[in-house]
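Whenever a hint applies, use it, and build me the whole structure from the sequences.
One-letter residues, chain by chain:
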Amino acid sequence: MKGRNLTIVALAATLMFGCGTLAGCGETDGPRTDVVCPPTSASPVVDPALLAFLSKAKAVHLRADVAEDDGKPAEALKVLEGLVDGPRPKGDPPAPEVREVLADTLGRTAELRSELKDYEAAKRDLARGLKLVPERNLFRGRLMEVTGVVEQRRHEVLRKAGDDEGAAAAKERAIEAFDEAVAIQDEVITKTLEP
Amino acid sequence: MSDRDDELPEELRPDDEEALFPDEGEMAALRALLGPSDDDLAAPDHEALLAMTLGEDVATHAADEVEEADGLRRALDGDPDVDGAAAGLAELAEVLRVTARATEELPATADADHEALLAVALGTEPEISAADREAATELAEHLDREPFAASLRAARGEGDLDVADAPVLLALAFEVTGGEAPTFAETTREAATTLADDLDGAGEGDAELLPWTQAVRAAAGKLPDLDQMSQERRIRASLEAEPARGGGGDLLNLSRVPMWLGAVVAAAAALVLLINFGARQDEPTAAMPGPVVDQAAAELKAPRSTAELFDPAVPFEAKGGESDRVDRILTARASDLRNNRFAAWGVR
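Protein chains in written order, with this note's numbering: chain A, 1 to 195; chain B, 196 to 543.
Just so you know, these hints were derived from the structure itself, not from any lab.
Each hint should be verified, as a subset may be incorrect.
Unchecked claim - No more than 25 angstroms apart at the CA atoms, straight line, and that leaves these computed lysine-lysine pairs for BS3-like:
id, chain 1, residue 1, chain 2, residue 2
1, A, Lys56, B, Lys496
2, B, Lys514, A, Lys131
3, A, Lys160, B, Lys514
Said to hold, decoys possible - Here are the simulated distance ranges between beta carbons:
id, chain 1, residue 1, chain 2, residue 2, range
4, B, Asp276, A, Val66, 48 to 54 angstroms
5, A, Asp186, B, Asp276, 45 to 51 angstroms
6, B, Asp519, A, Asp163, 35 to 41 angstroms
7, A, Lys131, B, Asp276, 49 to 55 angstroms
8, A, Asp163, B, Val509, 34 to 40 angstroms
9, B, Glu512, A, Ala121, 20 to 26 angstroms
10, B, Val509, A, Glu194, 15 to 21 angstroms
C-beta atoms are modelled at their ideal positions from N, C-alpha and C, and glycine is treated no differently.
The structure is reproduced here in structure tokens:
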């Protein structure tokens with residue numbers, strides 16, 4: 001009986017320290033680019049479902065390229081919506097590849113919507129994209145840059161319409177977004193220079 | 196004679212028995228049928244061949260992949276200078292030959308709940324249903340089934356068979372992928388059938404051959420997804436670890452383990468984990484204890500950020516470039532998937 005108690009204590013210690021050790025390997029909502037964890041038997045791996053999603057994403061973007069080359073941004077937008085609102089591999093949160101490709105796609109839809117002067121819809125796409133990539137990386141930086149472009153376009157439209165106050169506010173938001181994009185880019189570069 | 200036979204040089208037509216194992220000139224003609232290259236079968240050809248054989252799409256490859264493919268080519272050709280894990284590929288080539296004629300079908304358990312089977316195999320789920328327990332037993336018995344294992348043993352060169360060569364493998368690749376094999380049509384197919392029949396009748400089964408079953412089944416196109424592959428591999432690993440195959444629940448019987456021994460093992464595990472807790476997080480983690488990360492899982496590539504694929508000094512443009520970016524991501528992860536399939540099959 002004494003031995004059994006000893007075993008229980010030791011197993012409890014194992015679990016306690018084991019959980020602590022592996023805490024950094026769990027899925028998290030926040031940015032955690034500094035921890036590289038190997039896959040465990042319960043971890044997702046790069047699998048055919050992920051490849052299928054990425055293949056679809058490539059085809060969708062190429063199809064959108066054709067539409068844009070033909071001067072049909074609305075058609076391109078419709079094609080891209082099939083990706084961002086379509087099925088994706090299982091996972092909550094989704095795999096980083098899925099999040100980043102979707103975020104990049106939402107940046108494109110936002111840019112297209114702003115071309116079509118639908119600035120509020122563009123803003124919603126950008127918010128959705130930013131939620132997908134909380135990490136301060138190239139994808140988030142690009143979304144911030146697109147945010148600046150969208151606000152810059154809105155500023156021009158409002159200014160021409162005589163809405164000076166609205167134009168000034170849009171300009172301010174554009175500047176903030178561009179500054180944030182630059183800050184993110186600086187961080188990305190700085191990280192690469194770290195030993 | 197098919198239409199494609201008309202395109203063949205006379206000496207390569209099916210009726211010519213000497214065409215079974217073609218010489219250099221015949222191989223050149225075969226290559227002319229396969230593609231525009233006039234050179235010797237190049238590394239990418241072999242990579243494509245391997246991809247075709249394994250049912251993969253042939254994508255563009257980076258320089259390191261081409262180099263790896265060249266190593267695989269030499270391994271498939273039986274180059275004695277190839278060592279390490281790749282050296283086993285000559286045996287795999289033999290296995291793939293057998294695959295072209297493999298008629299074995301897995302029992303229905305292949306589509307069963309593999310998580311449940313895994314639990315049964317490990318003896319960790321005592322409340323598992325009788326049906327699942329029966330399914331696990333059936334799977335274990337199938338993996339031990341004598342003719343199949345005997346075939347594999349012969350395929351490893353323990354029988355009287357010749358070593359597979361690239362031309363035959365190439366021909367069989369057409370069959371595996373459902374394409375035509377006009378060059379060696381009848382003669383090679385007859386030889387392959389005879390080979391498979393011989394293998395079916397060869398000797399006793401061997402537990403060491405079990406790791407090959409996944410490769411054969413995969414090459415035969417009977418593996419629907421990677422997750423199932425890895426789970427089945429672990430089932431087999433657990434079964435192999437216990438020679439006496441009674442009920443699955445007997446594999447891990449804690450009642451047989453002295454309590455003091457359990458305490459020592461658990462305490463040691465706790466100590467290892469504690470030490471690891473203080474270690475640098477960026478150091479390799481493959482040495483973590485087996486119960487947490489087994490070797491097979493450590494070999495698998497996990498989903499991760501794609502940021503590493505892009506030059507940090509070149510920010511993404513606000514407009515355009517998405518297609519190129521997703522293409523780069525797709526290419527990188529296709530390589531990862533290929534790696535994972537090899538790992539799940541136990542080839543590496």
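Hints the structure fails to honour: none
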